[in-house]
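Chemist: Now for the letters of each chain:
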Amino acid sequence: MNEKLTLQDITALLAKQAKISKKDAESFLKELFALISENILDNESVSIKDFGTFKPTLINSRESVNVNTGEKIRIPAHIRLTFSPDKALKELVNKPFSAFETTLLYDGNDVLPNNAINIEQQAEEIVVDEYSDDNDFSDNEDMISEETITNDIRNEEPVLEDEEQPSGEAIEHDEAPQEETTITDAQSEVIEDTLEAPQAPATNNDIQDAEAGKERSPLQDIIFESDSTKTVITLPVSSPAKPKSESDKNLSLSKEQKEQLHDTSGNNNPSDEYNLSLGEYDIKPGFWYKVKHHLPIILLSLVLISGVAYAFYRLFNRTQHTPAIIPTEGFYAIPDSLFLDSLAANIQSASDSVQGNIAEPDKTPINSNQAVLDTLNKGGSLRTLATKHYGNKIFWVYIFQENKDKIKNPNVLNVGTVLRIPDLKKYTGNQTAEDALKQAKDLELEIENNKTK
Amino acid sequence: MTNKELIETLAKRLDWTQNQTADVLKNAVDVLSNSLSESDTVSIQGFGVFETKKLQERISVNPVSKQRFLVPPKIAPAFRPSQIIKDKLKNTTANE
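Residue numbers (the working numbering), protein chains in the order written: chain A, 1 to 453; chain B, 1 to 96.
Calculated directly from the structure, the hints in this document are not laboratory data.
Everything numeric in this text was worked out from a predicted model, so none of it was measured.
Quick reminder that beta carbons are idealized off the backbone N, C-alpha and C, glycines included.
A hint or two may mislead.
Partial selection, computed: residues in chain A whose CB lies under 10 Å from chain B [claimed, not checked]: (1) L7; (2) S47; (3) I73.
For reference, chain B alone in the conformation it holds in the complex:
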């Protein structure tokens, strides 16, 4: 589902205009991104947790040229689905 489809469906469900929902979606994304950029964790009940992880620097190799290079340390955003979602997914697999 693309961004556009998402906006369409949301607008329909909420009975808002597409422009409105697009705008609010953008704002929502901003809010989430900003909290992540401040290394806050955001937990949505029944959905999951958005958090940041710190990755250490590591040495890896370009397998073609065998050139070793150093990947610097970084902070990366991550998402962990909640148990509810996981169970639901399990059930859908079971049903298939």
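Chain A on its own, in the form it takes in the complex:
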């Protein structure tokens, strides 16, 4: 893993694997690479089965900038040697990532092609940069795009070679009984050549396209052999998940080759196949897609609605159920409706703990004059009673006055003392509120003064 192997290492491995002597292995490899080089220098590509293709490509002269100085430079026309790996090799090398497949995105963006293609090349460039050893500046970018182009084309070719032989044979049987092996071989070679021939003008287009920074679909190169359409597509080589389309392509191709065998005019209707293969990508967003897409908005609105509903619910319920007993200033006030019971209870408790005055029998009915009785509970005071009955604690003085027989000292009160709560009018008459308050205050002062005496 990540080792650096030299020719010697390869020779050793080869000798082991092929069961030949090291010398033989060495001479073989030397000869092999020498032969490849010779062909390259003769401007001829070399393709090795299940490995790849070495191809010399003419690069046109172009203007560029010297990275160091910034001055303009002209890169002269030159020949570049490219290698496009075969499908078998690609798959073997990509084994760790073989589980990945290209997936369609549904994020609602519709990016136009111009940007997309550049992004693609830039992405590849990022990885490629560290490997640049050329003096040419943007060579790598072109190299990769070319590689992938020639890659893809070359990938299709051997695939066709492999697959068309059986289909070629099938056609043969249908047509006329002939000796199989040699003739089908010859035919496959013819097919190969006819493939290669129209490829030649196509590849020139490739070069130009590569220069222009575009990629051509491998499908198109094969299908549109006689056309020279230049629609740009960035389709990957078809994945195994789509076997149907692949077989369709193969069928259509073999038909094409058959046509070519018989007559050279290849007027197929490529648009049909084209639509077939690309139809898979034409997916319109369905209902559930829309739901999924708008999911956050839907969730948020649901939460809001439920919050509002809850608020209404609380409000509604509040008005219905009986209001709790609202405590006055004195926490121990008892509503009038219950005071009889409480009186009875308090008298019971008072009889245990009281030190002095004991409440009178309490079953006296409530006078229509509103001469009300009330008890002093623990923590209660005259003031609390006054607040309760009169609404203002200052009027405790009248309670005191009324019950002077029971209370000697307004500050000394006993729990359980039953007091008569007089009608305010008895003491205040029909005074105005201000006067009543004033009178009560005066009375209060007087009582206090009396005490201190």
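The hints should help you fit chain B onto chain A, whose structure is shown.
Modeler: Only chain B this time, still in chain A's reference frame:
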């Protein structure tokens, strides 16, 4: 030059039978592929370097349907010709 032609020429040069050379060629290809599949780099003096490159995943667009799709990350084999070859190529261009 196709595979067959390659085998023919090699057999002739090495004075081996075609079957033999075909077999050895297959083995040689296997050896190279296996080392590449293990992410080892193979450098052939005077020829070039075979290595693997890791490509990041990227988002690209089908220009016809405008459908965006995600191309997953992958490891790809690559070849870098040596300076000798490049110079030779340059010279041949110069000569033309």
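Chemist: The structure should be examined with respect to each hint, and the outcome stated for every one.
Modeler: A quick look at each hint next to the structure:
1. L7: holds, 5 Å
2. S47: Because about 6 Å separates A:S47 from the closest Cβ in chain B, which is inside the 10 Å limit, the hint holds.
3. I73: violated, 16 Å
Hint 3 from the list above is the single one not met by this structure.
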